[in-house]
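> Take these sequences, add in the hints, and give me the full structure.
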Amino acid sequence: MLPVPKWAQPKELESLLRQQEGLEADSIFGPIAPFSLEETFKADKKIKKFRERTSSANWAGTDALTQEEIRRDLAERQRLRLNGGWSFN
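Residue numbering for the sequence shown follows the UniProt record's numbering, beginning at 1 and increasing consecutively.
Calculated from the structure, these hints are not laboratory results.
Quantities reported herein were computed from a predicted structural model and do not represent experimental measurements.
Don't take every hint at face value.
[To be verified] Only pairs whose alpha carbons sit at most 25 angstroms apart, straight line, appear in this in silico SDA-like list of lysine to any residue:
| no. | residue 1 | residue 2 |
| --- | --- | --- |
| 1 | Lys6 | Ile28 |
| 2 | Lys11 | Ile32 |
| 3 | Lys11 | Ala25 |
| 4 | Lys11 | Gly22 |
| 5 | Lys42 | Ile28 |
| 6 | Lys6 | Ile32 |
| 7 | Lys11 | Glu21 |
| 8 | Lys11 | Met1 |
| 9 | Lys11 | Leu23 |
| 10 | Lys6 | Gly30 |
| 11 | Lys11 | Ile28 |
| 12 | Lys6 | Gln19 |
| 13 | Lys6 | Gln20 |
| 14 | Lys42 | Ile32 |
| 15 | Lys6 | Leu17 |
| 16 | Lys6 | Arg18 |
| 17 | Lys11 | Glu24 |
[Unchecked claim] Restraint-style ranges between C-beta atoms, simulated for each label pair:
| no. | residue 1 | residue 2 | range |
| --- | --- | --- | --- |
| 18 | Thr40 | Ala8 | 35 to 41 angstroms |
| 19 | Gln19 | Thr62 | 44 to 50 angstroms |
| 20 | Leu23 | Arg77 | 52 to 58 angstroms |
No residue lacks a Cβ here, since even glycine has one placed at the ideal position from N, Cα and C.
In structure tokens, the structure reads:
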């Protein structure tokens with residue numbers, strides 16, 4: 001096992017961490033540069049600028065539950081009711 005450097009010893013390390021806990025990261029690394037997804041991916045012409053949104057509550061299409069899934073869900077709900085619900089324990 002390699003020896004632990006002096007600065008990484010618990011007492012020394014705690015002192016160093018306390019000194020830097022109030023420092024702003026920008027004062028060390030500088031401000032974060034602006035970021036643009038459009039600029040980053042501008043060369044990718046096959047991706048639309050903004051994806052078309054659909055209703056997340058639309059269960060009538062191909063995302064609809066199967067009859068088996070509905071049956072299992074109802075059976076599990078009934079089991080929970082009979083056993084007094086669920087708990088974290």
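> So, for every hint listed, does it hold in this structure?
Taking the hints in turn, this is what the structure says about them:
| no. | hint | verdict |
| --- | --- | --- |
| 1 | Lys6 <-> Ile28 | 23 angstroms, holds |
| 2 | Lys11 <-> Ile32 | 33 angstroms, violated |
| 3 | Lys11 <-> Ala25 | 24 angstroms, holds |
| 4 | Lys11 <-> Gly22 | 19 angstroms, holds |
| 5 | Lys42 <-> Ile28 | 32 angstroms, violated |
| 6 | Lys6 <-> Ile32 | 33 angstroms, violated |
| 7 | Lys11 <-> Glu21 | 16 angstroms, holds |
| 8 | Lys11 <-> Met1 | 20 angstroms, holds |
| 9 | Lys11 <-> Leu23 | 20 angstroms, holds |
| 10 | Lys6 <-> Gly30 | 29 angstroms, violated |
| 11 | Lys11 <-> Ile28 | 24 angstroms, holds |
| 12 | Lys6 <-> Gln19 | 17 angstroms, holds |
| 13 | Lys6 <-> Gln20 | 18 angstroms, holds |
| 14 | Lys42 <-> Ile32 | 21 angstroms, holds |
| 15 | Lys6 <-> Leu17 | 14 angstroms, holds |
| 16 | Lys6 <-> Arg18 | 16 angstroms, holds |
| 17 | Lys11 <-> Glu24 | 23 angstroms, holds |
| 18 | Thr40 <-> Ala8: 35 to 41 angstroms | 38 angstroms, holds |
| 19 | Gln19 <-> Thr62: 44 to 50 angstroms | 59 angstroms, violated |
| 20 | Leu23 <-> Arg77: 52 to 58 angstroms | 53 angstroms, holds |
This entry does not satisfy hints 2, 5, 6, 10, 19, going by the numbered hints stated previously.
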